[in-house]
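Asker: Got chain A; can you put chain B on it based on the hints?
Protein chains in written order, with the working numbering: chain A, 4 to 323; chain B, 212 to 425.
Treat the hints with care, as some may be off.
PhoX-like, lysine-lysine: derived pairs with alpha carbons at most 25 angstroms apart [to be verified]: (1) A/K100 - B/K385; (2) A/K297 - B/K222; (3) A/K288 - B/K319; (4) B/K323 - A/K320; (5) B/K323 - A/K297; (6) A/K255 - A/K120; (7) A/K131 - A/K251; (8) A/K75 - A/K297; (9) B/K319 - A/K320; (10) A/K251 - A/K119; (11) A/K320 - A/K131; (12) B/K355 - A/K288; (13) A/K255 - A/K164; (14) A/K171 - A/K249; (15) A/K164 - A/K249; (16) A/K321 - B/K319; (17) B/K385 - A/K321.
Per the computed footprint, the stretches of chain B lying under chain A, defined by three or more beta-carbons under 8 angstroms from a beta-carbon of chain A, are [what the hints assert, rightly or not]: (18) 322–328; (19) 372–381.
Chain A stretches covered by chain B per the calculated footprint, using a threshold of three residues with CB under 8 angstroms from any CB of chain B [claimed, not checked]: (20) 162–174; (21) 289–295.
Hints in this document: simulated from the structure, not taken from any laboratory.
Keep in mind the model is a prediction, meaning the values are calculated, not measured.
Where a beta carbon is used, it is the ideal one built from N, C-alpha and C, also for glycine.
The lines below spell out each chain.
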Amino acid sequence: MLIRKAPDLTYADVTPRSVYLNRRKFLQAMGIVGATALAGNGLFELASPSQTAFAATKLTGLAKSPFSTTEKQNTFEDVTHYNNFYEFGTDKGDPAKNSKNFNTSSWSVSIEGEVKKPRKFTMDEILKIAPLEERIYRHRCVEAWSIVVPWIGFSFCNLIKLVEPTPKAEFVAFQSYFDPQQMPQARYAGIDFPYVEGLRMDEAMNPLALLCVGMYGETLPNQDGAPVRMVLPWKYGFKSIKSLVKIKFQQKMPPTTWNRLAPNEYGFYSNVNPNVDHPRWTQSKERRLGEIFKRPTLMFNGYGEQVASLYNGMDLKKNY
Amino acid sequence: MRRILTSKWTKVVVFLLCLIPFFGLVDRALHNRLGANPVEFLQHATGDWILRFLVFTLAITPLRRLLNLPDLIRFRRMLGLFAFFYACLHFLTYLGPDQSFDLSAMWKDVAKRPFITVGFLGFVLLIPLALTSTTGWIRRLGGKRWQMLHRAIYISAIAGVVHYYWLVKSDVRKPLFYGALVAILLLWRLGSWISRRRSQAPVRVAAPGVSVSG
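For reference, chain A alone in the conformation it holds in the complex (with noise of 0.2 angstroms):
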């Protein structure tokens, strides 16, 4: 008989808070996927199962990063429990409510298009690309409401050098898991599913951009986009697309979700400007959550410093 090495650490083994499918649940799924799955796969995975929860995972030993603010942090009450997140539902409280068993184990990414190493990076890969930081970034809602999150993951580009993009790769599109079965409520959003977003090459490349896999020193929540989004501070929180599955190279602009429903309201780049004006709402304030009244919302979030170079000689009224 074979005596296995004990297997390395893997993204599903660390510490779990809680069990994500017991096992009546388990055989509920069970019965969903049919009788020859619970006769082949089910029943070994029910003997030894391979995946445990993501949700609710302790994540240590985390770098600190010198982009992190040193404002307060809004509480990981209000984070869960008020955001955006239109395939679980469009009120703020929804994702939280209907979020609860959405099934991320056995999770991947594709990376697909212009690369010269297309390939899938399971949950377990993507921990390996670099080094977790804790980044403390402000988040500002295109509805101009804004909070500060302790997110944790690493800059996008260390996967983009990764796959080694060829020269034609001058925009990166991405793409959220969609399933109507596990969010049943997307079909009331008024927007297409899956929801797509997408960066130019270079703003891709700028280290602000974070692959995030957690927050407030845990894997993310489900309702947050687990198990693993997009962070772009110095963009309205849309442009951050949550629960990612796909990333594609390509040299044409990608199309964007907000952007397919009203292109005069939503643009391409979406960068926080206190100077344009959303048609619906002002754009030179923002509510902090917590906070009763507004405070000026800053140019590109206040990270100028970072990205502004990446918008030189462009017009940012015409390119909102």
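Answerer: Chain B only, in chain A's frame:
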């Protein structure tokens, strides 16, 4: 039914019922249960109640006729005034937390953003209605003129729905729901106005050659 409707106590009960949403919000505020964005919570809650009370107010006349309960009229003024009450609260959450009580900033905002413009219009139109809601003012203006003035509530209700519709990003179910209610109530009025005009119009002589009886 008539006895219930005309009882003094019913009015008191309805009055207290109309205050439940207000005290519900006060209770939430005192117990820190207004969520992560309390200002927005209050804005949405008071906004919802304005539209509901406008719908209740507009429903009185059709219900009086359809249910043959003319005494329902006793509640119309109160319901309308509660719409105005919640509109005042709604406006205060805008003038205060959103505009920091800066009137010049508010005017700029009202002029600039269509959804605010139309919401503000809906609110302003309610002011003369609230002021002239007393029996004294009905007498002073005369029934006909008073009624003309108070038809402004139609515009106010439409403005409220448009304000809501323009606020939401993509999920328009709730604004459309209120829109449908307001539309039904206004179309009913249009229908009854047309049928009244028809019945008042002189009976036309059938055109020659057209025989109704066949």
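Asker: Compare the structure with the hints numbered earlier in the document and write down the numbers of the violated ones, lowest to highest.
Answerer: 2, 11, 12, 17, 20
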